[in-house]
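S.K.: Each chain is listed here by its residues.
There are 2 protein chains.
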Amino acid sequence: MSEQTEPVPIELEDAAYVLGPKAISAILYAVDIEDQAKLTELMEPLHPADIADLLEQINAFDRSRLIRLYDREFDGEILSELDESIREEVIGVLTPQVLTQAVREMDSDDVVDLVEDLEDHQQETILDALEDVDRAAVQQALGYPEYSAGRLMQREVVMAPEHWTVGEAIDHLRATPEEELPDQFYHIVIVDPRLHPVGNVTLGKLMRSRRETKLMDLLEETFQIIPATQEESDVAYAFNQYHLISAPVVDEEGRLIGIITIDDAMAVLDEEHEEDILRLAGVGEGSLSDRVSETTKQRLPWLAVNLLTAIAASLVIAQFEAAIAQIVALAVLMPIVASMGGNAGTQSLTVAVRALATKDLTGANVWRVIRREVLVGAINGLIFAVVIGIVGVIWFGSPALGFVIAIAMVINMIVAGLAGTAIPVILDRIGIDPALASGAFVTTVTDVVGFFAFLGIAVMVLL
Amino acid sequence: MSEQTEPVPIELEDAAYVLGPKAISAILYAVDIEDQAKLTELMEPLHPADIADLLEQINAFDRSRLIRLYDREFDGEILSELDESIREEVIGVLTPQVLTQAVREMDSDDVVDLVEDLEDHQQETILDALEDVDRAAVQQALGYPEYSAGRLMQREVVMAPEHWTVGEAIDHLRATPEEELPDQFYHIVIVDPRLHPVGNVTLGKLMRSRRETKLMDLLEETFQIIPATQEESDVAYAFNQYHLISAPVVDEEGRLIGIITIDDAMAVLDEEHEEDILRLAGVGEGSLSDRVSETTKQRLPWLAVNLLTAIAASLVIAQFEAAIAQIVALAVLMPIVASMGGNAGTQSLTVAVRALATKDLTGANVWRVIRREVLVGAINGLIFAVVIGIVGVIWFGSPALGFVIAIAMVINMIVAGLAGTAIPVILDRIGIDPALASGAFVTTVTDVVGFFAFLGIAVMVLL
Chain A
1 MSEQTEPVPI ELEDAAYVLG PKAISAILYA VDIEDQAKLT ELMEPLHPAD
51 IADLLEQINA FDRSRLIRLY DREFDGEILS ELDESIREEV IGVLTPQVLT
101 QAVREMDSDD VVDLVEDLED HQQETILDAL EDVDRAAVQQ ALGYPEYSAG
151 RLMQREVVMA PEHWTVGEAI DHLRATPEEE LPDQFYHIVI VDPRLHPVGN
201 VTLGKLMRSR RETKLMDLLE ETFQIIPATQ EESDVAYAFN QYHLISAPVV
251 DEEGRLIGII TIDDAMAVLD EEHEEDILRL AGVGEGSLSD RVSETTKQRL
301 PWLAVNLLTA IAASLVIAQF EAAIAQIVAL AVLMPIVASM GGNAGTQSLT
351 VAVRALATKD LTGANVWRVI RREVLVGAIN GLIFAVVIGI VGVIWFGSPA
401 LGFVIAIAMV INMIVAGLAG TAIPVILDRI GIDPALASGA FVTTVTDVVG
451 FFAFLGIAVM VLL
Chain B
1 MSEQTEPVPI ELEDAAYVLG PKAISAILYA VDIEDQAKLT ELMEPLHPAD
51 IADLLEQINA FDRSRLIRLY DREFDGEILS ELDESIREEV IGVLTPQVLT
101 QAVREMDSDD VVDLVEDLED HQQETILDAL EDVDRAAVQQ ALGYPEYSAG
151 RLMQREVVMA PEHWTVGEAI DHLRATPEEE LPDQFYHIVI VDPRLHPVGN
201 VTLGKLMRSR RETKLMDLLE ETFQIIPATQ EESDVAYAFN QYHLISAPVV
251 DEEGRLIGII TIDDAMAVLD EEHEEDILRL AGVGEGSLSD RVSETTKQRL
301 PWLAVNLLTA IAASLVIAQF EAAIAQIVAL AVLMPIVASM GGNAGTQSLT
351 VAVRALATKD LTGANVWRVI RREVLVGAIN GLIFAVVIGI VGVIWFGSPA
401 LGFVIAIAMV INMIVAGLAG TAIPVILDRI GIDPALASGA FVTTVTDVVG
451 FFAFLGIAVM VLL
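Quick mapping for you: the protein sequence lines, in order, are chains A and B. Position 392 of the first sequence, counted from 1, bears residue number 392 in UniProt numbering, the numbering being contiguous throughout. Position 42 of the second sequence, counted from 1, bears residue number 42 in UniProt numbering, the numbering being contiguous throughout.
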């Protein structure tokens, strides 16, 4: 970690970011012929994050051979960049010496991130590898709830009392031994005598100010204090909303105990989004590195819920068997109404789920948003009612059938707008993640209403 | 912008981040009774990002009254935080003096972000409000393609030649007038005589090192150069992947022309995710502040595509009218197979779209991923085939019917896994955003295959 890597200019093509297939082939070839020198040479220009990506993309057999051959070059940062699904496997392959060395190089917040999802015996192995001070820090962090600010923060903080001047702060910084400072830092946190943070001073301001200037005269305008028990998703939201670069973390008594920097907040934001997207699609935690059995299990619950939904819709259809037996065209056309409602409902619910996540949908505008979605549903419903009505008339030569499907379409699209907005809002209010559960409810509603409206009106009008 | 706002501790509840309904009511009441002093007092503790959220959540009538009453207090940063959909409206309400003042306070990159989506006459008004130097900077940035690094960067950069020492850099920083420096900066970019960036030095290292130390001895390990024409989504990816805090931007000749900081990259990451989620759900650009007509228009194309898909599925059903007329149970059960396939396909495609976006799905593992998804589809297909087969037998008392639906289920789930992965990969290869178009294709496939397999096998087995 002490060498300066070559500055790698980013090319206009995607290619520069990712390991191209050629680079991966070359690396795997070096592994095949067990050429350790060649492997080290090929891996040398790669950032640990890229090496982690490489390990995720190759299969388990190549992965273990590569790690064994790479051996002592294995950097701690690779471990923290690695997808959770293969961390345990990789740690299992590393020799104890390499693991110890790798873990000792890591920042305490990265070690926390690494060990929190490991099984007990691996967790112990890693904690044992740490020096006493670091182990204590990691164990303290593990005392905070999962996904909390306390797990996310790093303990090394640069702080200064309120009465200090610029000169005193700079002298103190110079006198502090390297290992007590964070790897990177951008602010000095000013604290009162009880260690409560009162403000931030950027290093840029510090450097440009006269030695006798009071730190308190240089405070940044935007300053946010984060309680250690705060959920990490709210931390990421605050960083993004207020353009924070770093923020102090405090314990229950409001005392400074650590700091969170924006790069970690950005990683959390990324994970939260990933989670939202996957949950909306009914894919639990999914990752490409998961085993087939793992993935099958993750997707099963949502499919099971969908099966119940589909059976509920079928029960509705079953009520109209007699009508369908008389007019088979009903069976041909009925999926159209349900499908359009399902799609319109998904549109509304996705907008609502996002707006809830970004705190743009609140008590202040919920009724206006619901009215708006219903109106959008009604207008699009009318437009597609006309289209499908005409299709129905032309296809089956029955104006009455065209009329029936048109009316059913309008009804289902209005219901889709209403359910697509109201269901996520209600789930959010009662504390259920709307990204996770809305889809099943909304589709059930649009399926049931779609089939019932179409077949019900058909019975009234056509029979 | 010169006052220090009170440090606002973040509460454990969501409430502290957002404007509670109470705060909004109080503000709207002050607007109702036209109490300017009260309004200013209530708005004072709010961050510009929160004021922007407030303006987005109230209706257009309240919005214009609030802005008129708030008047001179209106900060430029509110404009840059505002959702695009209501920016033009808000700018139209501001008096020319307030607008000029607000725009002059903004950083050049924020002005670019503001004007790029405005109509021509409003764009001119704002450019006219700027001082000459700033106007030139904004116009230069507008010369770069939309969504490129050139639009995202700020022009103010702190740089130093390779031969400088720490002492020379610090003296230079102190001698530079405030207005030529960026608002916040965390690195000094080291450049060669042709202005090509060669490395970054953090302010923390600079401050802790001896005056005679060479800057070149303090370079950071991770260093990325970003071409001005780079797409902003790739910029955000690089920041997140390599934990960059700031990165220099260069022109076609590789000369340093600006810098991008992580807070802007984080905002881009957030927007990209938003776009992906909304596109996956077939909601173009959607925002809650859009007008009904706007929203209706945005959602229409996807619904139109879905209508075609649904009609295609109906055409398949129409081929089996005779069979349905004989066995109405087929009409009752057929949506189940299509629906399960649609959901399984959506699961696979969402995982694939995400993995493509994060560059985790590449040429190196695409075949393995497809095999895996097909296998997952087959296993879940078998599980649900047994379940639905039993349901079919019990419900309709026909083992043959149970067998038919079970076989159709397995086939459609396997096809779903295959189509759900292969379609996004193919779209990505031919340069179409997989988030935008995959859904329609995958659902068409699972609908058509679902109905065809179920009804086709039914004809063979039951008739």
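In case anyone wonders, no lab produced these hints; they're calculated from the structure. All of these numbers come straight from a predicted model, not from anything done at the bench. A portion of the hints provided could be inaccurate.
Which copy? The list can't say, so a pair holds if one copy fits it or any two copies do.
To be verified - Straight-line alpha carbon distances no greater than 27 Å define the calculated DSS-like cross-link-like pairs of lysine-lysine that follow:
(1) 38 / 22
(2) 359 / 297
(3) 297 / 205
(4) 22 / 359
(5) 205 / 359
(6) 359 / 214
(7) 38 / 214
(8) 297 / 214
(9) 38 / 359
(10) 38 / 297
(11) 205 / 38
(12) 22 / 297
(13) 214 / 22
S.K.: All the hints need checking, so say for each whether the structure fits it.
M.R.: Checked hints:
1. With identical chains, the CA atoms of residue 38 and residue 22 are at most 27 Å apart within one copy only, with a shortest distance of 15 Å there and 66 Å across copies.
2. In the homo-oligomer, the alpha carbons of residue 359 and residue 297 lie at most 27 Å apart only across protomers (25 Å), although the nearest pairing inside one protomer, at 32 Å, exceeds that limit.
3. When the C-alpha separation of residue 297 and residue 205 is checked against a cutoff of 27 Å, the pair qualifies neither within a copy, at 54 Å, nor between copies, at 49 Å.
4. Taking the closest pair of Cα atoms, residue 22 and residue 359 come within 27 Å of each other only across two copies (15 Å); inside a single copy the shortest separation is 44 Å, beyond that limit.
5. Proximity of residue 205 to residue 359 under the C-alpha cut-off of 27 Å is found in neither arrangement, the shortest distances being 33 Å within a copy and 38 Å between copies.
6. For the identical chains of this complex, residue 359 and residue 214 are neighbours neither inside a copy (38 Å) nor across copies (48 Å), given an alpha-carbon limit of 27 Å.
7. Taking the closest pair of Cα atoms, residue 38 and residue 214 never come within 27 Å of each other, the shortest separation being 56 Å inside a single copy and 34 Å across copies.
8. Taking CA atoms no more than 27 Å apart as the test, residue 297 paired with residue 214 passes in neither setting, with 60 Å inside one copy and 57 Å between copies.
9. Taking the shortest alpha-carbon separations for residue 38 and residue 359, only the inter-copy value of 25 Å comes in at or below 27 Å, while the best intra-copy value is 52 Å.
10. Taking CA atoms no more than 27 Å apart as the test, residue 38 paired with residue 297 passes in neither setting, with 40 Å inside one copy and 57 Å between copies.
11. In this assembly of identical chains, the alpha carbons of residue 205 and residue 38 never lie at most 27 Å apart, being 47 Å within a copy and 34 Å across copies at closest.
12. For the identical chains of this complex, residue 22 and residue 297 are neighbours neither inside a copy (34 Å) nor across copies (45 Å), given an alpha-carbon limit of 27 Å.
13. Proximity of residue 214 to residue 22 under the C-alpha cut-off of 27 Å is found in neither arrangement, the shortest distances being 57 Å within a copy and 38 Å between copies.
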